[in-house]
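Protein chains in written order, with this note's numbering: chain A, 1 to 624; chain B, 625 to 1111; chain C, 1112 to 1220.
None of these hints come from the bench; they were simulated from the model.
In silico DSSO-like links for lysine-lysine, alpha-carbon gap of 30 Å or less:
#1 A:K192 to B:K1088
#2 A:K564 to B:K781
#3 A:K160 to B:K982
#4 B:K817 to B:K1023
#5 A:K192 to B:K1026
#6 B:K967 to A:K24
#7 B:K1026 to A:K564
#8 B:K1023 to A:K192
#9 B:K1026 to A:K71
#10 A:K298 to A:K371
#11 A:K28 to B:K1070
#12 B:K1088 to B:K1070
#13 B:K781 to A:K584
#14 A:K166 to A:K564
#15 B:K982 to A:K166
#16 B:K1056 to A:K564
#17 A:K24 to B:K1056
#18 A:K160 to B:K1056
Between beta-carbon pairs, the in silico distance windows are:
#19 B:A640 to A:V556: 51 to 57 Å
#20 A:D200 to B:K1088: 17 to 23 Å
#21 A:L618 to B:T820: 30 to 36 Å
#22 C:F1184 to A:L618: 26 to 32 Å
#23 C:F1184 to A:V610: 24 to 30 Å
#24 B:N811 to A:N603: 55 to 61 Å
#25 C:I1114 to A:V610: 24 to 30 Å
#26 B:L656 to A:N162: 45 to 51 Å
#27 B:V1082 to A:N162: 30 to 36 Å
#28 A:D200 to B:E773: 55 to 61 Å
#29 A:T534 to B:K1088: 58 to 64 Å
None of the values given here were measured: they were computed from a predicted structure. Backbone N, C-alpha and C fix where the C-beta goes; we use that ideal spot for every residue, glycine too.
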Amino acid sequence: MSQLVYLVPLFPLLGFLLNGLLRKQLPKSVTSVIGSGVILASFIVSIILFFDVRAGHAGSVELFDFISFAKVHIPFAFQVDQLSVIFLLIITGVGFLIHLYSAAYMHEENSDHFARYFAYLNLFVFSMLLLVLGANYVIMFIGWEGVGLCSYLLIGYWFKNNNYNKAANKAFIMNRIGDLGFLLAMFWLLTKTGSLTYTDVFSNTSLLTPTDITGITILFFIAATGKSAQIPLYTWLPDAMAGPTPVSALIHAATMVTAGIYLIARSNVLFSLAAYTQDIIAIIGLATALVAASIALKQNDIKKVLAYSTVSQLGYMFLALGVGAYSAAVFHVMTHAFFKALLFLGSGSVIHAMSGEQDIRQMGGLSKKLKITYFTFLIGCLAIAGFPLFSGFFSKDAILAAAFEHNTLLYIGGLIGAIMTAFYMFRLLFITFNGQFRGTEDQRHHLHESPAAMTIPLIVLAVLSFAGGFIGIPEVFMHGGDKLSAFLSPIIPVHATTLSHSTEIMLMAIAAGSVIVTILFAWFRYKNYQPKETTGIGKFLENKWYVDEIYDAAIVRPVSWLGKFLERVVERSGIDWLVNLTGKSVQYGSRQLRLFQSGQVGNYVLLMIVGMVILFALQFFFKK
Amino acid sequence: MIAVLLILIPLIGGLALFALKGEAVVKGFALLASFAALAVSVGGLLMPQNSAALQFDAAWIPTLNSRFHIGLDGMGQLLCLLTSIAFPIIFIASWNNKYKNANRFYALMLLSQAGLMGVFLSMDALLFYFCWELALIPVYFLSSIWGGEKRIAVTFKFFIYTFFGSLLMLIGILMMYFKAGQSFDLNAWYGIKGNTSETMMFWLFFIAFAIKMPIWPLHTWQPDTYEQSPTAVTMVLSGIMVKMGVFAVLRWLVPVFPLATYENGDTISMMCLIGMIYASLIAIKQDDIKRLIAYSSIAHIGLMCLAIFASNKSGLQGATFQMFVHGINIIGLWIVADTIEQKYGTRKISELGGIAQKAPVLSILLVIIALANIALPLTNAFPGEFMMFNGIFSSTVTKYNKLDALVAGITIILSAVYTLNMIRRVFFGELKAATQNVLDTSAAVKVSLAIIVVLIFVMGIYPKPVLQLTNDVIDVIVLRMQSITKN
Amino acid sequence: MPINYYIFVAIALFCIGVIGVLTRRNAIIIFMCVELMLNAANLLLVAFSKMHHATGAAQNANAGIEGQLFVFFIMVVAAAEVSVGLAIIVMLYRNTHSVDVNFLNRLKH
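Take the sequences, apply the hints, and build the full model.
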């Protein structure tokens, strides 16, 4: 059955080609059917593969030889195993819902651009599938760069707007910094182990010295910080919100940004050997979670809040990776895909209703008009905040428990992050949906619930956001409840907890209690929100810690200045000047020598005689 | 016989063109001749390697013991294929361009093709030198007659600069001639063991090749020449002629002077690295599309040279592969740049904008080519760059291999910066005054770009045939290079 | 008479010739100075020839005869030179109405 695996990426590729090449001919209805249909087809194949793998038929399929030189062979091969099918299901499942939603959301675009949008989206799914399906790092890298490209294309989808284009460039370039890490790590592995195929690499770790492992894992982690928006490379993700909202939901929340987590979870054999790198990952992950959460506290753009929230949640996942809880990270990837896609799509529905308005200060009281959106958004908020029994509760709890086991400080940091998460999410919910409407009259008249094609995905995702956590119920509550870890165990060894049951229950109670208190606090503070100017630390947070400004001053401008300096000074008046000087000095020299040819016979004779005298003198003095 | 035809077809075609009249006739004939050369070189691919038809050996200057010895090995085939693919593309792309005295223009183009073929085929050093100059001289005339405003000064500089290098090479060739017992034969040169005064000869050759490639700091002729030459000539220059330098390093330098290569490897790697970063940074600040492409080319060539001096199979295979790929891709970039200049009358990035709204097809094709230029996977540049970087990283001839790879890797980031900025400012954004006109991209341009795009994907997805083609000859070179480090 | 006197006279004549050629602008005078130098050389040749003959006559009756022979050659060449040179000067005078050699720098341009 796993022979069918090539169908999974093939369908979206066909969708991309059809929509891309026939974009002038196809009407919008056909385009959206093709665009969504191919993803549905992939989803169905993925389900088949899932059951196949569950029945124990994991394996890899080689299509053809991609690059081979000397003794190195890099086949174009797919790997079907527990980890990849989980990601397949998330990508195609959530992807399908978002495609469906897009068909309604993007309806106002003309058919040419509509088809372009779906082509990009299909291409993205294709790349993402390559990323998770690859049986070696090179195929993963193909997908890795491919999703970066699609992200670039989709952020800059409205290409007339120069700021959007700049955001797209920023995303691509920051990702490229990470990609360099990925490449170097690959070369390092290839040099030492002679292969990049997962099974070969992981069975040959004895060939790697501790330095090698630390170096390789750090480079892989750098790659992950780029793609998964961690410190120091996270600033592209909030700007990426320039893309259409479904894109933010699919790429910048549910799938692409989790590629870094996939990379590390996939390489868990290597990372488990690198204690030093793991500490770095845990610290960076936690720091990102806290910094991004603190910024999210003061953002007023509905999508920016969600973007920083995504960065922060990704930080959690890295925290989990850093403390060795790989399956907890994958679990959080999954639940996060559900509730963050839900929240983004919900925000899209709000923006749609508000005729493109994204500033929550101009909203308020939307719960009356947008009932479905409100209700599903509420579920999303509860899930992300980790309200008991919602999916986020289980996945976040798994991470916090693992952090506690590792180091109490990490746990406390994680808990503070969770409290901040609950606060900013409910701040967003209450400001947007409660209180008085603060927009213009036009917007008030225009307020409406979104069409079914948009609300159905919301409802499905809301159900998943609620129920998604039940595949990972901790051992405390139910023996064998953590089905996900058990399923992943062939790839990721089960993380046997050393915590006693009572400690675990206490940790959960602390988390759940503080989250509920925070939600209540947010309710009292924001149920009747009126915008006012922020000052002091609030201003600092609103301006995102001035990180963009710092990067601009520390990197962008010096590079630009250096480029100018090199061209004007080194190139023009340095190297080229020297080259021209050679030419000029020859010319100057010949002009000077020309003066000897005065045309005066007397001069010639004089020169002749002087020459002769010199020759005689030489002959006389320097003989022998 | 195949080898001789590859030189003869463009040579005779070029000479015949001088006699022809009428623009359409001239263009058609040139295209025909270039297609004939393409057919021959594809025919050569179908033959088994080392078959007699791919070799030709006849007495040339008996008193000097110089022979007209040409042969197609894997690397030669690849480069001849590049030349014979590039010329038809160039002719198609410039189909609608008007040139004064078109017959002379196309005649000179074909003559330079003959020279280029000769360079890639020669197995005799004197013949190689002869063809090296034969390729240069028509280009000099093309640029100085049909070029831009400052063409005279710029092409003069270009000519003198490269000619200076050639003379150094000639000295080197003569020294080697006597070292090898009065022989210009490549195989005789490969056979020399324990060569004395290698270092000096190495540098004589290297400077000549470095000027041609060009390697920093010998590159300053290039941006000006690219800017001032007619675009068809720039395509020949950057697509194929600079590959002469890389090719020559692979065939006539590193295997001939393995010891000096080993000893001077770090110095040259340093020059390459500086040049790559330097050119990339300058490219970021360029306002002229042509100059931007020129600097980008310097950075890419630097990488190829660096990979060669990594002295391992991976690096050499990658550099060979990349020679071909870069030739194709950069011609694509020039076609786009030329189309823009023809339609909007400017090459200034700051004056352009929003072309994607006016010319969607052109934009899509350009974006694909630009993405290939920054070596995105599944485009043709990726396998090459992958192998080159792997070669640099795993190089055993230097202890700075990791640092080299890291610094060279920075250009991966910088190339994305300048390429994407160029796309953003030229193709996206709002329309500007200069770009209000509707641009209907001509069918000729679309066809030529489409060919390039097809090549980009085919070679990017299935690079294996090309890698196999050059496998054997690279083995010989690597063996020769490593004969020193083994001892 | 010792050979030294001949040598000194010859050197003096030659130097006069050289200085004349260098300093004078009149073509005819330059010409005469050139003759002077030639004759200085002739004088030396004759003197050395005589000296050779005096010391080598015992072995060879014709010793030193080459010097005298050369003198005749030089005189013939000088005569030929005079005829050509004077012809040039005459042409020069016809064209420029001057025999100043500094007038003759046109070839430079």
